[in-house]
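**Student:** Listed below are the residues making up each chain.
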Amino acid sequence: MNSTNSTSQDLINSDSSTELANNELPPKVAALSPTEWLKANLFSNTFNSILTVLSTAAILLIIRGLLSFIFNPLRQWSATATNMRLLMTQAYPEHQYVRVWVSLGFLLFLTGISLAFWRAGRRVQLSQVGKRLLILGAFIVLATLLAPFSNRATIIWLIVGILIVGIGLLLKPSHEDKTISSLTLLSGAFLLAILSLWVIPYGHHSYLSTRTPKILAESGTVAMTTKLPWTIMFLVAVCSYFLGSFVREKIDEAKSKALLSVTWLISPLFLLFLVLRDPDFDTRHLFSTDVPIFLFFSIVGSVLLLWLTKPDVGEKGRVISAAILFIGFATFLFQMLMIVRILTLVLAFFALAAPTFSGQKPARIRYTKVWIASMVILCWLITAINTPSTAKVPGDFFIGGFAITLMIFFFTMVLAFPLGVLLALARTSKFPIFRMISTTFIEFIRGVPLITILIFFSVMVPLFLPDGMDLTEIAAVTIAFIIFEAAYLAENVRGGLQSVTQGQHEAAEAVGMTNAQKTVFIVLPQALRVAIPPMVGQIIATFKETGLLAIIGIFDFLYIARSVIPGQTQFMGSTRENLLFVSLVYLVICFSMSKASQRVEKRVGLGER
Amino acid sequence: MQSSAEENSSTLKAVSQRVPLWRDVVVIKWVTQLGLLAVVVASLWFLAGQAGDNLQARNINTGFDFLERPPDIQLSEGIDTSPATGGRALWVGMVNTLRMAVVGIIFATFLGVVVGLARLSNNWLIKRLAGLWIETLRNVPLLVQMIFYFAVLTALPRVTLDSGPIHGWFHVSNKGISMPRVFISDGFYQWITVVAVGCIAAYFIRNQRGKKHDLTGEDTHAASWAFLTICTFAIIGIFVHPIFSFVGEIFAGLATLFENIPTTLVKILIASVLIFFASRWIRNFFASRRSATGHLSLIDDDIFRMVFVGTGALIAIIVVISWTGISSWILNSGRDLFQMLEAKFEVDGAARPFGAMKPDIVKPGKFANYGINGLTMSPGFAAVFFGVVFYTSAFVAEIIRGGILAVPKGQIEAGNAVGLSRSQSLRHIVLPQAIRIILPPMGNQYLNLTKNTSLAIAVGYSDIVQVGQTVYNQTGKSLPVMAIWMLFYLACSLTISVIVNYYNVRMKIVER
Chain A
1 MNSTNSTSQD LINSDSSTEL ANNELPPKVA ALSPTEWLKA NLFSNTFNSI LTVLSTAAIL
61 LIIRGLLSFI FNPLRQWSAT ATNMRLLMTQ AYPEHQYVRV WVSLGFLLFL TGISLAFWRA
121 GRRVQLSQVG KRLLILGAFI VLATLLAPFS NRATIIWLIV GILIVGIGLL LKPSHEDKTI
181 SSLTLLSGAF LLAILSLWVI PYGHHSYLST RTPKILAESG TVAMTTKLPW TIMFLVAVCS
241 YFLGSFVREK IDEAKSKALL SVTWLISPLF LLFLVLRDPD FDTRHLFSTD VPIFLFFSIV
301 GSVLLLWLTK PDVGEKGRVI SAAILFIGFA TFLFQMLMIV RILTLVLAFF ALAAPTFSGQ
361 KPARIRYTKV WIASMVILCW LITAINTPST AKVPGDFFIG GFAITLMIFF FTMVLAFPLG
421 VLLALARTSK FPIFRMISTT FIEFIRGVPL ITILIFFSVM VPLFLPDGMD LTEIAAVTIA
481 FIIFEAAYLA ENVRGGLQSV TQGQHEAAEA VGMTNAQKTV FIVLPQALRV AIPPMVGQII
541 ATFKETGLLA IIGIFDFLYI ARSVIPGQTQ FMGSTRENLL FVSLVYLVIC FSMSKASQRV
601 EKRVGLGER
Chain B
1001 MQSSAEENSS TLKAVSQRVP LWRDVVVIKW VTQLGLLAVV VASLWFLAGQ AGDNLQARNI
1061 NTGFDFLERP PDIQLSEGID TSPATGGRAL WVGMVNTLRM AVVGIIFATF LGVVVGLARL
1121 SNNWLIKRLA GLWIETLRNV PLLVQMIFYF AVLTALPRVT LDSGPIHGWF HVSNKGISMP
1181 RVFISDGFYQ WITVVAVGCI AAYFIRNQRG KKHDLTGEDT HAASWAFLTI CTFAIIGIFV
1241 HPIFSFVGEI FAGLATLFEN IPTTLVKILI ASVLIFFASR WIRNFFASRR SATGHLSLID
1301 DDIFRMVFVG TGALIAIIVV ISWTGISSWI LNSGRDLFQM LEAKFEVDGA ARPFGAMKPD
1361 IVKPGKFANY GINGLTMSPG FAAVFFGVVF YTSAFVAEII RGGILAVPKG QIEAGNAVGL
1421 SRSQSLRHIV LPQAIRIILP PMGNQYLNLT KNTSLAIAVG YSDIVQVGQT VYNQTGKSLP
1481 VMAIWMLFYL ACSLTISVIV NYYNVRMKIV ER
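Just so you know, the sequences run in chain order A and B. The numbering used here applies: residue 1 is where the first sequence begins, and numbers increase by one. The numbering used here applies: residue 1001 is where the second sequence begins, and numbers increase by one.
Errors might be hidden in some of the hints.
As the list claims (entries may be wrong) - Computed Cβ-Cβ distance ranges for the label pairs, DEER-style: (1) 1285(B) x 258(A): 21 to 29 angstroms; (2) 1019(B) x 502(A): 52 to 60 angstroms; (3) 72(A) x 1059(B): 50 to 58 angstroms; (4) 526(A) x 1184(B): 19 to 27 angstroms; (5) 1291(B) x 498(A): 36 to 44 angstroms; (6) 38(A) x 1423(B): 26 to 34 angstroms; (7) 1282(B) x 512(A): 31 to 39 angstroms; (8) 307(A) x 1039(B): 50 to 58 angstroms; (9) 1291(B) x 595(A): 46 to 54 angstroms; (10) 1503(B) x 498(A): 17 to 25 angstroms; (11) 1422(B) x 509(A): 21 to 29 angstroms; (12) 509(A) x 1019(B): 13 to 21 angstroms.
In case anyone wonders, no lab produced these hints; they're calculated from the structure. Every residue, glycine too, gets a C-beta built ideally from N, C-alpha and C.
All chains, full assembly: derive it from the sequences and hints.
**Tutor:** Structure representation (structure tokens):
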């Protein structure tokens, strides 16, 4: 059953790559004249002609219906526009908003630099752009004629449509060699959108949150309050792109790419604290406990790991690692700071893995550096979590809406991936008990719907915790997401592991690699590469599944759109409008993710080797 | 000769020098595994103990007695809207889930095939429309879709007595979608017996025609003949079905038989079946591990597998023998089943097999609603139904398209070359190959659909999750209810994967 499952997922996700499989350029087909094209594609025979006529009628009816739904004066689009801030961040205090903008700016800065370093974007022929614009303009004109607009609106939209058609016609006959970067186009579109903020007042109120949500008819709209930040964000993104493309020629590209990737992985953690907390550090406690613990573990750990990674340590090293592991478990029997227990276990893990990464001096120093870096991150995180925040806000968790959707999605992906790889390795290992545990876990999780697991965690977790330990509902739900996604990712990775040929295993053994070295350096890199398409599919599925948070009553994007906004007295019965907006956001993100993954697939040359 | 002898002696020496225990690979392997197992078991034990303590501290009882107690639940729909016991309520929820899953699977498959074929059409407009359908529906979360459909349905005009009587076949309002109901009547079971006899006859006719086709090569239309036979029987059955009322007697006999079988016999039967399967598995396992020359080599992993199967069977046997409840439950449910069937056949000879009624509107209390005459989809049902069907159809369409595209073009061309028509080459060449590629992911989609029906909780359709949540909100028995959920869904998943695997095996190309 499982093998079929994994192949099936491969199949779903790889059908796009089959189209790209033959790389040779097709022979140039002579362009058909419009009448010929119509004949070939729409009216090739009687049946096709009937189909065409029927579906044209259906399309026109559907467009007409949709437009009269959207532009109906009864629709309360101002419900969505006014509550934009609520939808995005729920009750996040307005005077703290600058933190959100700073975080967003940092992420955009990273995006810009990464786009420059990875040389994203492709050249688009201007004539193609013209063609697209032509189609868009024609569609706008058609839609305007179908829509139940007032005369004035009809004229405005017609002019807009004809303008776009005009630009399209202007660009269409341009030469094949004239190209434009897709990034330029994208930023142009964003620029237009941001400029429109300065002109058009989207939404008529701004939302301020107190304990009882109410609308304040303030001067200034959502568009007005966000126009400046968005403009700055746009400038940050564009400038960082140029900075990136300027710098990338001057420094070692591979190293900075690695640095960028690590920054991408870690920065959300730090940004989250920037957004959520204004930590009130207890300096005395910090210097009497946290710093010494950190120093002790990083120094002792470094010395130990430097010694353990020597190639000739042999058995003594193993015995010592095992002893540390034993001590790590034993610490749970005594009264002790949780941080010490965690760090001891992490040290044991690093010590056990040391022989795998043993080698000459640079390799050993690199391994030690990784250890110190992870110590810094871990200690900082634990200290930050344990530090009370000075920013006081109503409610127990003061960020929600789309922000919490993204946050849970990020943590799920980052933590589910390693767990999934471990489960997949356990499931394919030669150790029967590992296999048994992992198979049971995976099949159980995959056999039940996500909502039951979520309800289980949100309701039952307090029951399973020892006294004094506490988990917020958000954390419990994130754990539920992690174990659920890990089971699915494990199946994807297992498909990749099975695709690694026996010869690779044997070759690794022939050069004297240990089992761990073989797995880390030979098998996993190949397996993960094969597993990219199904894993991207799973990531998109995870993003869609975050909507389930609404069912268990967490104030996520969907919950606010469905239950909170229609509950405001001004906006009763605005559920459909909000839901359409939510669908649009999900649609745009998921669609662009799947398109991007197809491009990445093409770029790493999957399905060709 | 001498060198080989030397080698021999050195290996002997190496063998005689035992590897120290801490360096023995097998020992390390098993110590690691048992260590991990110990950690897992210990943490589970700890958590379970903690849960027990916490439950006791909060005075929560985790027993299953709520299944027998009358709950205070009104379900929105199902076979029994005011169930007498908690167990009955959950049962109604299960039936609702299964009903949604089966209906959803049928419609999603149908719609998905249509969209998938449209995606491959050579009509540009149709192709684009199908692409739009797929990309839109699979990129919007199912839950958002469901809630949207629900919001649209509940915003429809209200149903009042003025809007009836309904003249058409369909009526749509905020109470749902009502359409004519085709229902099975008292005589249905006798009629279905006639059809069953027809099926047997059709099987023989098909075999006979098929044989004739093989012998003479002429087109004998075996499948059409079989279909016609069944149709004939079905039509004749409408008039003559009362002759099968004697079948009820047979079921009555079976019911008494089940009542009189001692539980010990059932126990022995189950135990022997278990022993049979376990021993057959072990025998086959030995056979698979034996080389062509008959040499048997077992590694520790193989021994573990055998021990695992043996222990599993042993535990199952012990449970069956020591827990009489299982055997008597099997006997009782068998008896109940046959008694129910017997009752189905005890009908007036003139009963019709089925009938049909148009929808109507009644006003039982304060508010008008659809009567039971029509088949009414409540807004909740409709939202879940359209949600899962549309969402799954997008995935099914992609699978169908991928499967058909995966058949090499040369196959169709070869079919054309030997003179097959387009439909013939589709039927005999493309479909048999495509179906092998299509089936496994389709099974996956069916599993997903079944699990996705659990989102019904968001729109208030009484599926098992929604009913379960109501039950534990009232009784506080969250742990047992969740156990029931998970077991139920695991059973569903297992059933679907067994069915799909069965077809997979049947469809597989027979290789050397």
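**Student:** Taking the hints in turn, state whether each one holds.
**Tutor:** Here is what the structure says about each hint:
1. 1285(B) x 258(A): 21 to 29 angstroms: violated (48 angstroms)
2. 1019(B) x 502(A): 52 to 60 angstroms: violated (27 angstroms)
3. 72(A) x 1059(B): 50 to 58 angstroms: Hint holds: Cβ distance 55 angstroms, inside 50 to 58 angstroms.
4. 526(A) x 1184(B): 19 to 27 angstroms: violated (57 angstroms)
5. 1291(B) x 498(A): 36 to 44 angstroms: 25 angstroms Cβ-Cβ, so the 36 to 44 angstroms window is violated.
6. 38(A) x 1423(B): 26 to 34 angstroms: holds (27 angstroms)
7. 1282(B) x 512(A): 31 to 39 angstroms: Holds, since residue 1282(B) and residue 512(A) (Cβ atoms, about 38 angstroms apart) stay within the stated range.
8. 307(A) x 1039(B): 50 to 58 angstroms: violated (27 angstroms)
9. 1291(B) x 595(A): 46 to 54 angstroms: holds (53 angstroms)
10. 1503(B) x 498(A): 17 to 25 angstroms: Given range 17 to 25 angstroms: holds, Cβ gap about 22 angstroms.
11. 1422(B) x 509(A): 21 to 29 angstroms: At roughly 53 angstroms between Cβ atoms, residue 509(A) and residue 1422(B) fall outside 21 to 29 angstroms, so the hint is violated.
12. 509(A) x 1019(B): 13 to 21 angstroms: This hint holds: roughly 19 angstroms between Cβ atoms.
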